[in-house]
Amino acid sequence: MSDIILKTVGLYKQFGALSAVDHATIDFKQSEVHVIIGPNGAGKTTLINLLSGDLLPTGGTIHYKDQEITDLPPDQISLLGIGRSYQKTNIFPEFTCKENCWLAGQSRQGSSMKFFKAASRLKEVHVRAEKGLEMAGLTSQANTVASAMSYGEQRQLEIAMMLATEPDLLLLDEPLAGMGTEEATEVTKLIKKLSEDHTIILIEHDMDAVFAVADTLTVMVNGAVLETGTPEQIRASKAVQEAYLGDEDGDH
Amino acid sequence: MTQEKIMRFILIGFVAILAAGPLYLETYYTELFIHMMVLGIFAMSLDLLIGYTGLVSFGHAAFFGLAGYLLAIVTPETEPTAIWISLPVVLAGCAIAAAVIGWFSVRTSGIYFIMITLAFAQMFFYYFNENNDLGGSDGMFISNKPLVGWGDFQFLDLENTTSLYYLVFAGLLASYFLLRTILNAPFGQVIKGIKANEHRTKALGYNTQNYKLVVFIIAGTMAGFAGFLEAASSGIVSPGNLHWHHSGIVIMLVILGGMGTLYGAVFGAFILTLLQDKYTGMVELMPDFMSGMADHWHLFQGIFIILVVLLVPNGAVSLLAKISQALGKKEDAK
Ligand SMILES: Nc1ncnc2c1ncn2[C@@H]1O[C@H](COP(=O)(O)OP(=O)(O)OP(=O)(O)O)[C@@H](O)[C@H]1O
Ligand SMILES: [Mg+2]
Numbered sequence: 000m001s002d003i004i005l006k007t008v009g010l011y012k013q014f015g016a017l018s019a020v021d022h023a024t025i026d027f028k029q030s031e032v033h034v035i036i037g038p039n040g041a042g043k044t045t046l047i048n049l050l051s052g053d054l055l056p057t058g059g060t061i062h063y064k065d066q067e068i069t070d071l072p073p074d075q076i077s078l079l080g081i082g083r084s085y086q087k088t089n090i091f092p093e094f095t096c097k098e099n100c101w102l103a104g105q106s107r108q109g110s111s112m113k114f115f116k117a118a119s120r121l122k123e124v125h126v127r128a129e130k131g132l133e134m135a136g137l138t139s140q141a142n143t144v145a146s147a148m149s150y151g152e153q154r155q156l157e158i159a160m161m162l163a164t165e166p167d168l169l170l171l172d173e174p175l176a177g178m179g180t181e182e183a184t185e186v187t188k189l190i191k192k193l194s195e196d197h198t199i200i201l202i203e204h205d206m207d208a209v210f211a212v213a214d215t216l217t218v219m220v221n222g223a224v225l226e227t228g229t230p231e232q233i234r235a236s237k238a239v240q241e242a243y244l245g246d247e248d249g250d251h
Numbered sequence: 000m001t002q003e004k005i006m007r008f009i010l011i012g013f014v015a016i017l018a019a020g021p022l023y024l025e026t027y028y029t030e031l032f033i034h035m036m037v038l039g040i041f042a043m044s045l046d047l048l049i050g051y052t053g054l055v056s057f058g059h060a061a062f063f064g065l066a067g068y069l070l071a072i073v074t075p076e077t078e079p080t081a082i083w084i085s086l087p088v089v090l091a092g093c094a095i096a097a098a099v100i101g102w103f104s105v106r107t108s109g110i111y112f113i114m115i116t117l118a119f120a121q122m123f124f125y126y127f128n129e130n131n132d133l134g135g136s137d138g139m140f141i142s143n144k145p146l147v148g149w150g151d152f153q154f155l156d157l158e159n160t161t162s163l164y165y166l167v168f169a170g171l172l173a174s175y176f177l178l179r180t181i182l183n184a185p186f187g188q189v190i191k192g193i194k195a196n197e198h199r200t201k202a203l204g205y206n207t208q209n210y211k212l213v214v215f216i217i218a219g220t221m222a223g224f225a226g227f228l229e230a231a232s233s234g235i236v237s238p239g240n241l242h243w244h245h246s247g248i249v250i251m252l253v254i255l256g257g258m259g260t261l262y263g264a265v266f267g268a269f270i271l272t273l274l275q276d277k278y279t280g281m282v283e284l285m286p287d288f289m290s291g292m293a294d295h296w297h298l299f300q301g302i303f304i305i306l307v308v309l310l311v312p313n314g315a316v317s318l319l320a321k322i323s324q325a326l327g328k329k330e331d332a333k
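Listed in order, the protein sequences are those of chains W and L. Heads up: the first sequence is residues 0 to 251, going by numbering that gives the first Met the number 0. Heads up: the second sequence is residues 0 to 333, going by numbering that gives the first Met the number 0.
So here's chain W without its partners, still in its complex pose (with noise of 0.2 Å):
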């Protein structure tokens, strides 16, 4: 199916006897929000990592697209459009926000092996850098050290970064942690805004913010796929109440 834009097919990974992610077979349609909700250490964190190279599976396939890109490190995997944020927050600490998405836009032009031209003449390194920051609320923070600012601050900058290098497929990990109220309803509201002409797929623990973005959730427990489907299906689903959300009158 064309709509399609990424699947995986039986991946797992292994950490010694441990199953992480447990032959996961996953369709993810272009332009939707997909979220994967499950208990902590249900393997979600893994699984982002093998859909962007940081880990190489122990079995199973990746597509994108008409390839696949099972193997691919992770500096292939960004070139071909597919973004990532991390949870646990990785940046460029020495860096000011504005440097951070520097780099990032960087990258989509084509090779940096270029040793003669003052980068800061690259105008449409400016633009994306700037977008991102924009994006993510931090352009009055441009010039400030990355490592100078709040858990908060870094959050959104770390998804400034993944903006800045203009990808197609946007992977979440928990972008709402260590956040809070304020900057969480912005960031829950630029996610939605970032729907409309993105695919994403978003790990989130925040139920309210995931009920308020999701067009379509998977229910991961112990490294397996539990169920798929529309938000309503998933509320309604026994099995997964049982082993996840709880009763509906405990989900705050």
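Misleading hints may appear alongside valid ones.
[Claimed, not checked] Result set (DMTMM-like, lysine to aspartate or glutamate): computed pairs, CA atoms no more than 20 Å apart in a straight line:
#  : chain 1 : residue 1 : chain 2 : residue 2
1  : W       : Lys87     : L       : Glu197
2  : W       : Lys191    : W       : Glu173
3  : L       : Lys194    : W       : Glu182
4  : W       : Lys64     : W       : Asp167
5  : L       : Lys194    : W       : Asp74
6  : L       : Lys194    : W       : Glu98
7  : W       : Lys87     : W       : Glu129
8  : W       : Lys6      : W       : Glu182
9  : L       : Lys194    : W       : Glu173
10 : W       : Lys191    : W       : Asp214
11 : W       : Lys87     : W       : Asp214
12 : W       : Lys64     : W       : Glu98
13 : W       : Lys87     : W       : Asp2
The set of hints was computed from the structure by calculation and includes no laboratory data.
Knowing the structure of chain W, use the given hints to seat chain L with the ligands on it.
Relative to the frame of chain W, chain L with the ligands by itself:
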């Protein structure tokens, strides 16, 4: 004046002192300055790896020493070889060696990178140390200095210490500005990213291994340039130039001077050489009653280095930066 302006002022002053060197220096010191400027180029090339890319190479002397041997090999005993020929040959040889060593080294990181660069450099050392065709442990003489000119026309006579001095001085400035340009270019942004967070740099779409290999080749080639100048000015090469001890010293120069500034590495080369010198060094500065301890000057040097590392952890340039900051504040207050 801002802090930056004061810093630039200090640097320009330093360059001016160097530029006028032969006017006020006796021959002994002119030669010492040549040696220090060469070491400065060598140390800057290592700073590119340690201070900017975060790659601690413990085998950088391999390229420095290899360059000397290559110059000796392409210089016949009977006549000089034009620098237009010997320099490209030496640089190409060092670039190839750096490509080979780099190809293996950049696949590792941290302590393993240190070990593998060290192991390669020691292989080079033993090769030259035990090769009797190349003088074995005695090394080789380079009977003729490189010819800067065409045929009978000599543009610069390198037998003349002043000419040699200005050639090396020009080489120092050229190396500095070349590195500055590279660091400001897109390539420079990527290697700084590698130092700050290699994992994220890769995730953003850069094949970091390729960038590390290229920066290793650039640094190795520039170390070769320094080795070429050293061999050309001293007229002798020996396996000691490739020894790990020498690789360790140049790391020390970079750290003492201040990593990640380029000029810090040059200051480091000057400070350490002057401290070791028999006239300007520690031994001379010792009070009479301690003169019996002159043989132990290495001990004092060690103490000095420990003090610097403890008191000025970011190297000599951070001290300069602090001074200029203080001066800048005073000015602002006016
Ligand atoms: N590099 C690793 N080496 C060994 N075990 C790992 C590694 N990474 C993850 N694991 C294990 O795999 C399991 C899945 O971890 P993962 O981080 O994918 O869970 P998660 O669903 O993202 O959890 P959370 O909601 O807490 O972020 C856990 O038991 C974890 O301890
Ligand atoms: Mg996780």
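Numbered hints the structure breaks, given as an ascending list: Per hint list: 3, 7, 8, 9, 11, 12 and 13 violated.
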